[in-house]
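Visitor: Go ahead and model the full structure; you've got the sequences and the hints to work with.
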Amino acid sequence: MSEPRETILNVNDNEAARYATSRILHRAGFKVLEAGTGGEALQIVREDLPPLVIMDINLPDISGVEVCRRLKADPATASTMVLQMSATNIAVTDRVNSLAAGADSFLVEPVEPEELEAVSRALLRLHRSEAALRRSLAERELLLKEVNHRVKNSLQLVLSMLSLQGHRFKEPETRELFAKAISRVTAIAAIHERLYQDADPLTVEMHTYLTGLCAELVRASGMEESAQASLHIEVEEMRLPTEHGVAVALVVNELVMNALKHAQPTNGPAVINVLLLRFGTGQVRLSVADNGAAPEQTSSEVAGLGTQLIRMLARQLNGTVGIERAAGTYAVHVTFPLQSAVSWRQPY
Amino acid sequence: MAATVLIVEDQILIAWHLSDLVEGAGHRVLAIARDPAEAMETAARERPDFALMDIRLHGGTSGLEAARMLFECWGVRSIFISANLDPATRAQTEPLRPLGYVGKPFLPAEVITAVERAVKTVAG
Chain Y
1 MSEPRETILN
11 VNDNEAARYA
21 TSRILHRAGF
31 KVLEAGTGGE
41 ALQIVREDLP
51 PLVIMDINLP
61 DISGVEVCRR
71 LKADPATAST
81 MVLQMSATNI
91 AVTDRVNSLA
101 AGADSFLVEP
111 VEPEELEAVS
121 RALLRLHRSE
131 AALRRSLAER
141 ELLLKEVNHR
151 VKNSLQLVLS
161 MLSLQGHRFK
171 EPETRELFAK
181 AISRVTAIAA
191 IHERLYQDAD
201 PLTVEMHTYL
211 TGLCAELVRA
221 SGMEESAQAS
231 LHIEVEEMRL
241 PTEHGVAVAL
251 VVNELVMNAL
261 KHAQPTNGPA
271 VINVLLLRFG
281 TGQVRLSVAD
291 NGAAPEQTSS
301 EVAGLGTQLI
311 RMLARQLNGT
321 VGIERAAGTY
331 AVHVTFPLQS
341 AVSWRQPY
Chain Z
1001 MAATVLIVED
1011 QILIAWHLSD
1021 LVEGAGHRVL
1031 AIARDPAEAM
1041 ETAARERPDF
1051 ALMDIRLHGG
1061 TSGLEAARML
1071 FECWGVRSIF
1081 ISANLDPATR
1091 AQTEPLRPLG
1101 YVGKPFLPAE
1111 VITAVERAVK
1121 TVAG
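These protein sequences, in sequence, are chains Y and Z. The opening position of the first sequence corresponds to residue 1 in this note's numbering, with each subsequent residue numbered one higher. The opening position of the second sequence corresponds to residue 1001 in this note's numbering, with each subsequent residue numbered one higher.
Think of the hints as simulated: they come from the structure by calculation, not from any bench. These figures come from a predicted structure and were not determined experimentally. There may be inaccurate statements among the hints.
[To be verified] The list that follows gives simulated cross-link-like pairs (lysine to aspartate or glutamate, EDC-like), each with its CA atoms no further than 20 Å apart: (1) Y:Lys145 with Z:Asp1086; (2) Y:Lys261 with Y:Glu130; (3) Y:Lys170 with Z:Asp1020; (4) Y:Lys261 with Y:Glu173; (5) Y:Lys180 with Z:Asp1086; (6) Y:Lys72 with Y:Glu115; (7) Y:Lys31 with Y:Asp94; (8) Y:Lys72 with Y:Asp61; (9) Y:Lys261 with Y:Asp200.
[Said to hold, decoys possible] If you anchor each label on the Cβ, the simulated ranges turn out as follows: (10) Z:Glu1038 with Y:Glu324: 38 to 44 Å; (11) Y:Glu47 with Z:Met1069: 36 to 42 Å; (12) Z:Val1122 with Y:Glu66: 55 to 61 Å; (13) Z:Glu1094 with Y:Leu157: 36 to 42 Å; (14) Z:Thr1089 with Y:Glu130: 28 to 34 Å; (15) Z:Glu1094 with Y:Gly39: 49 to 55 Å; (16) Y:Ala78 with Z:Val1122: 28 to 34 Å; (17) Y:Met238 with Z:Cys1073: 45 to 51 Å; (18) Z:Glu1038 with Y:Leu164: 20 to 26 Å.
[Claimed, not checked] Some, not all, of what chain Z presents toward chain Y, calculated at C-beta under 10 Å: (19) Trp1016; (20) Leu1021; (21) Val1022; (22) Val1029; (23) Arg1056; (24) His1058; (25) Gly1060; (26) Thr1061; (27) Ser1082; (28) Asn1084; (29) Leu1085; (30) Asp1086; (31) Leu1107; (32) Pro1108; (33) Ala1109; (34) Thr1113.
Heads up, the beta-carbon is just placed ideally off N, CA and C, and yes, glycines get one too.
Guide: If you want it as structure tokens, here you go:
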């Protein structure tokens, strides 16, 4: 089966020259469209999207170089191949300018018919392979979007399953253990809702992420309705690499869960402060403080999973853990170096 | 104020979870519908105050279709839930006067906040 005939737009205000070129192209088996001015050429390209334009550099209205520049600047027509033609007396700078304006090739007349045909075929070949690449890129993007959708949906299923399971337990201790597990998994899963929403999928904006998680922790603790606790969050504008973001969120999760459980001051409601701020040079400090009694350092708590998690995650952040006990306050600080994320640029 | 809510979600585990959350917040779930037809059936019988709508039912966009039918026939508006809430998707929901958006995986607190906000909007 032969390829469908490819279309070439032939632009020249000189009728005789235009006729000569069209004749060569017809004989070579191409379908030929014609234009006598730059304006006409632009209109035809927008309407018919021919893969190749062969265009004389001197046109009565807009110069060939300018027509080329406009075609290449418009995303709708940018993939059109442009072969600029000119008479012998053109200066080298004009040829250079023309290529700089985006022309894909340049020929100086007179041109042998074989050469015109060969260059046209080469440019059309390039156009075909570029189109194939663009198609494949679009397919990959769609696939990535689909995979991303499935990941998020599967995480939702995991969370829903855990939550439904959690309701089936009657014993308070089992319920609490399960609630802890759900909370930890939620902190990990929730980052996926925040990623891929903006231009940078490799980092996470910490303010929305932590604010959402803390609101959920207060809700899950049931302390919201009874006004037993109030939680204040101050997160400086910052983006952390995804793996650091998750580590910080898990530490916040452990500390806030603890604070909600233990902070029961004798007078007034518990006040919990969560801060994530830049600290010194190139450091970040996460602090969770409350006005309740410091937790008793019993041996079982030291060995508790929560405490272990905080230590492990602080190490993963290359950070240190500090504990501050003062009258009426108990604070845990995790200080770690702010690592710049791998930079990400959108391809276009 | 207790509202009546229709949940449209084809993944039953997620639908149950949503149902638990809505009822836990003191509202009534009229039904769990898995497709536009079931959604319309419930809405025709007992008008819900609003719907919690998964945009992508059965892997397609029929959640949008369900939302459009509910809105055009009964004036029932939706809170949209989806794992993909990009600007193009949001734009498609615009004419249906959305009551809110919740991204998957959701935080229960986000669902409840969106529901409470919707209750106020619909009542006001």
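Visitor: All hints, please: hold or fail.
Guide: Hints, one by one, checked against the model:
1. Y:Lys145 with Z:Asp1086: holds (10 Å)
2. Y:Lys261 with Y:Glu130: Given that 20 Å is the threshold and the Cα spacing comes to 61 Å, the pair is violated.
3. Y:Lys170 with Z:Asp1020: It holds: about 16 Å lies between the C-alpha atoms, which stays within 20 Å.
4. Y:Lys261 with Y:Glu173: Status holds; Cα separation ~13 Å.
5. Y:Lys180 with Z:Asp1086: violated (31 Å)
6. Y:Lys72 with Y:Glu115: Cα-Cα ~24 Å, so violated.
7. Y:Lys31 with Y:Asp94: violated (29 Å)
8. Y:Lys72 with Y:Asp61: The given pair, whose Cα atoms are some 18 Å apart, holds under the 20 Å limit.
9. Y:Lys261 with Y:Asp200: Violated - the C-alpha atoms of aspartate 200 of chain Y and lysine 261 of chain Y are around 36 Å apart, more than 20 Å.
10. Z:Glu1038 with Y:Glu324: 38 to 44 Å: Once the Cβ atoms are compared, 56 Å apart, the range 38 to 44 Å for glutamate 324 of chain Y and glutamate 1038 of chain Z is violated.
11. Y:Glu47 with Z:Met1069: 36 to 42 Å: About 38 Å separates the Cβ atoms of glutamate 47 of chain Y and methionine 1069 of chain Z, which means 36 to 42 Å holds.
12. Z:Val1122 with Y:Glu66: 55 to 61 Å: holds (57 Å)
13. Z:Glu1094 with Y:Leu157: 36 to 42 Å: violated (29 Å)
14. Z:Thr1089 with Y:Glu130: 28 to 34 Å: holds (29 Å)
15. Z:Glu1094 with Y:Gly39: 49 to 55 Å: violated (38 Å)
16. Y:Ala78 with Z:Val1122: 28 to 34 Å: violated (48 Å)
17. Y:Met238 with Z:Cys1073: 45 to 51 Å: Taking Cβ atoms as reference, methionine 238 of chain Y and cysteine 1073 of chain Z lie about 47 Å apart, which means the hint holds.
18. Z:Glu1038 with Y:Leu164: 20 to 26 Å: Since glutamate 1038 of chain Z and leucine 164 of chain Y have Cβ atoms about 21 Å apart, the given range 20 to 26 Å holds.
19. Trp1016: holds (6 Å)
20. Leu1021: Hint on leucine 1021 of chain Z: holds, closest Cβ of chain Y at ~9 Å, below 10 Å.
21. Val1022: violated (13 Å)
22. Val1029: violated (15 Å)
23. Arg1056: holds (8 Å)
24. His1058: Where the cut-off is 10 Å and the nearest Cβ of chain Y is about 13 Å from histidine 1058 of chain Z, the hint is violated.
25. Gly1060: violated (12 Å)
26. Thr1061: violated (12 Å)
27. Ser1082: holds (8 Å)
28. Asn1084: holds (5 Å)
29. Leu1085: holds (8 Å)
30. Asp1086: Where the cut-off is 10 Å and the nearest Cβ of chain Y is about 8 Å from aspartate 1086 of chain Z, the hint holds.
31. Leu1107: Holds, because the Cβ-Cβ distance from leucine 1107 of chain Z to chain Y comes to roughly 4 Å (cut-off 10 Å).
32. Pro1108: With a closest approach of 6 Å, the proline 1108 of chain Z hint holds.
33. Ala1109: holds (4 Å)
34. Thr1113: holds (8 Å)
Of the numbered hints stated above, those contradicted by the structure are hints 2, 5, 6, 7, 9, 10, 13, 15, 16, 21, 22, 24, 25 and 26, listed in ascending order.
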